[in-house]
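> Please construct the entire structure, taking both the sequences and the accompanying hints into account.
Protein chains in written order, with full-length UniProt numbering: chain W, 1 to 285; chain L, 1 to 285.
Keep in mind that the hints were calculated from the coordinates and are not lab data. Remember, it's a predicted structure, so these values are computed and weren't measured experimentally. Don't take each hint at face value.
Because identical chains share one entry, a pair is satisfied inside a single copy or across any pair of copies.
[Stated by the list, open to error] Subject to a maximum C-alpha distance of 25 Å in a straight line, what follows is the list of computed SDA-like cross-link-like pairs (lysine to any residue):
id : residue 1 : residue 2
1  : Lys-257   : Val-198
2  : Lys-220   : Ile-238
3  : Lys-220   : Leu-230
4  : Lys-257   : Gly-190
5  : Lys-223   : Tyr-281
6  : Lys-188   : Pro-215
7  : Lys-26    : His-250
8  : Lys-223   : His-185
9  : Lys-186   : Gly-254
10 : Lys-223   : Thr-242
Number of protein chains: 2
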Amino acid sequence: MTDIRKVTVLGAGVLGSQIAFQTAFKGFDVTSYDIDDKALDSARGRFAGLVDTYRHEVPGADDGSAAATLDRLALTSDLEAAVADADLVIEAVPEILSLKQDMYRRIGSAAPERTIFATNSSTLLPSDLADATGRPDRFLALHFANRVWRFNTAEVMGTERTDPEVYRKVVDFATAIGMVPIELHKEKAGYVLNSLLVPFLNSAAALAAGGYAEPADVDKTWKIATGAPLGPFQIFDIIGLTTPYNIMAHGDAGAQKLAAWLKENYLDKGKLGIASGEGFYRYTD
Amino acid sequence: MTDIRKVTVLGAGVLGSQIAFQTAFKGFDVTSYDIDDKALDSARGRFAGLVDTYRHEVPGADDGSAAATLDRLALTSDLEAAVADADLVIEAVPEILSLKQDMYRRIGSAAPERTIFATNSSTLLPSDLADATGRPDRFLALHFANRVWRFNTAEVMGTERTDPEVYRKVVDFATAIGMVPIELHKEKAGYVLNSLLVPFLNSAAALAAGGYAEPADVDKTWKIATGAPLGPFQIFDIIGLTTPYNIMAHGDAGAQKLAAWLKENYLDKGKLGIASGEGFYRYTD
Numbered sequence: 001m002t003d004i005r006k007v008t009v010l011g012a013g014v015l016g017s018q019i020a021f022q023t024a025f026k027g028f029d030v031t032s033y034d035i036d037d038k039a040l041d042s043a044r045g046r047f048a049g050l051v052d053t054y055r056h057e058v059p060g061a062d063d064g065s066a067a068a069t070l071d072r073l074a075l076t077s078d079l080e081a082a083v084a085d086a087d088l089v090i091e092a093v094p095e096i097l098s099l100k101q102d103m104y105r106r107i108g109s110a111a112p113e114r115t116i117f118a119t120n121s122s123t124l125l126p127s128d129l130a131d132a133t134g135r136p137d138r139f140l141a142l143h144f145a146n147r148v149w150r151f152n153t154a155e156v157m158g159t160e161r162t163d164p165e166v167y168r169k170v171v172d173f174a175t176a177i178g179m180v181p182i183e184l185h186k187e188k189a190g191y192v193l194n195s196l197l198v199p200f201l202n203s204a205a206a207l208a209a210g211g212y213a214e215p216a217d218v219d220k221t222w223k224i225a226t227g228a229p230l231g232p233f234q235i236f237d238i239i240g241l242t243t244p245y246n247i248m249a250h251g252d253a254g255a256q257k258l259a260a261w262l263k264e265n266y267l268d269k270g271k272l273g274i275a276s277g278e279g280f281y282r283y284t285d
Numbered sequence: 001m002t003d004i005r006k007v008t009v010l011g012a013g014v015l016g017s018q019i020a021f022q023t024a025f026k027g028f029d030v031t032s033y034d035i036d037d038k039a040l041d042s043a044r045g046r047f048a049g050l051v052d053t054y055r056h057e058v059p060g061a062d063d064g065s066a067a068a069t070l071d072r073l074a075l076t077s078d079l080e081a082a083v084a085d086a087d088l089v090i091e092a093v094p095e096i097l098s099l100k101q102d103m104y105r106r107i108g109s110a111a112p113e114r115t116i117f118a119t120n121s122s123t124l125l126p127s128d129l130a131d132a133t134g135r136p137d138r139f140l141a142l143h144f145a146n147r148v149w150r151f152n153t154a155e156v157m158g159t160e161r162t163d164p165e166v167y168r169k170v171v172d173f174a175t176a177i178g179m180v181p182i183e184l185h186k187e188k189a190g191y192v193l194n195s196l197l198v199p200f201l202n203s204a205a206a207l208a209a210g211g212y213a214e215p216a217d218v219d220k221t222w223k224i225a226t227g228a229p230l231g232p233f234q235i236f237d238i239i240g241l242t243t244p245y246n247i248m249a250h251g252d253a254g255a256q257k258l259a260a261w262l263k264e265n266y267l268d269k270g271k272l273g274i275a276s277g278e279g280f281y282r283y284t285d
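As structure tokens, then:
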């Protein structure tokens with residue numbers, strides 16, 4: 001159960017549009033904000049695409065409920081109006097600290113006192129943003145994974161200043177929109193998933209970069225040993241190599257060497273993963 | 001195809017007996033060596049158990065072929081006789097450097113020139129043992145995983161002195177006994193599997209030990225995100241917590257802290273994993 005009814009999602013990019021759509025799909029009134037008419041036009045395209053995706057990929061969503069989701073989705077480029085009556089604001093704007101801080105300052109004044117703010121930031125900690133919100137007790141992170149209808153974890157992470165009741169409300173909200181809430185008890189860069197995935201992918205990359213074993217053999221080993229459907233290099237290709245590269249490039253000396261290897265042998269050759277047709281494997285679709 | 005016909009397995013413990021049984025099951029003549037009559041009696045018990053396991057778990061092995069495997073398995077406690085006509089010796093004795101070196105010195109004199117030696121050592125590098133064999137060109141590592149009939153990777157890892165033709169023969173042999181050979185191009189502590197598994201399990205342990213998230217939530221996250229059937233803490237429980245503890249205790253400062261946490265909260269309370277009825281989860285069977 002949740003007493004959150006009206007949800008505003010700031011940013012209608014890949015993940016912002018998914019969060020907005022999933023929330024509306026589950027019956028909430030959602031306002032999707034982006035910066036100007038051009039961005040909103042893109043957002044309309046994304047939402048139309050999501051109707052189609054849900055119809056095909058979400059069980060039961062071909063009964064008209066995917067299309068009807070659009071009726072609960074309002075789009076606007078007026079930030080103050082977007083948050084003026086929101087119970088919850090989920091922020092999914094680009095990962096630039098000053099941009100997010102400015103936005104929190106603006107909505108901090110414009111939103112009612114009751115409004116909870118949640119950031120979907122992958123790379124910033126909520127404590128980096130808490131002061132800018134002007135309501136650190138009603139602020140926390142709610143972190144989604146790409147393709148939210150399928151990879152439906154929602155990592156919930158507060159700061160030391162987050163009101164436990166607010167935390168609990170957001171956990172309940174995550175459940176209400178069909179997510180599996182993953183509760184973090186304190187702040188951790190990378191949350192749970194990237195805290196596992198980054199060292200896992202780095203260790204795989206180190207085997208290939210060091211010339212110890214071929215990616216396909218590394219994948220085979222992992223799959224046989226753990227029963228997993230995907231080995232680390234298949235996961236690299238699904239994620240796309242650019243994001244792991246950026247994380248490695250900002251890591252320690254060992255990680256930076258892996259980044260250089262990834263750049264030279266893959267990124268610079270246009271091998272970016274499944275989306276580019278080739279990464280560690282070739283794809284012919 | 002392989003021209004290896006006669007195989008001797010040194011050590012009839014958990015893994016040695018599995019390697020010997022699997023090799024005989026696939027039609028090879030196998031000599032299983034262990035140190036004395038008492039050890040050989042244990043080995044007989046293990047082999048009888050494996051007949052039963054194969055009957056139930058290996059497709060097609062309930063046609064009498066599991067039982068018939070025993071006809072191709074000879075047991076002996078005479079080391080020199082055990083290797084006197086072997087094409088391949090697979091060593092799976094306890095992980096004590098001096099013990100292994102002594103054994104290699106003895107079989108180095110007793111085995112014919114043609115015999116290939118392979119160590120199943122998990123923790124030593126083959127180059128630690130190569131000199132003791134007296135035949136470094138015909139020596140390499142062939143590393144199996146527990147429950148070889150199911151987790152059928154065989155990691156093949158030579159030293160700089162291993163003859164490539166010998167390496168190739170052992171790869172072919174691994175295939176011939178139903179393993180998936182995983183070829184390492186150079187020496188790597190932990191081979192492929194543990195090079196992935198150790199940082200993966202350590203990063204999971206760090207999340208729980210640091211109080212960031214509960215083991216069950218960590219597992220849930222991994223399973224949803226990657227489609228894997230098992231999360232890291234379920235894998236801990238299957239492996240048993242003692243081996244990861246030993247690896248952590250020999251690791252860097254961070255790993256040693258995790259070892260201390262594992263000891264205090266789990267090992268010291270008798271929570272050793274599935275085998276003890278409880279680890280990170282409780283088991284009621």
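> Are any of the numbered hints broken by this structure? If so, which, sorted upward?
Violated hint (a single one): 7; every other hint is consistent with the structure.
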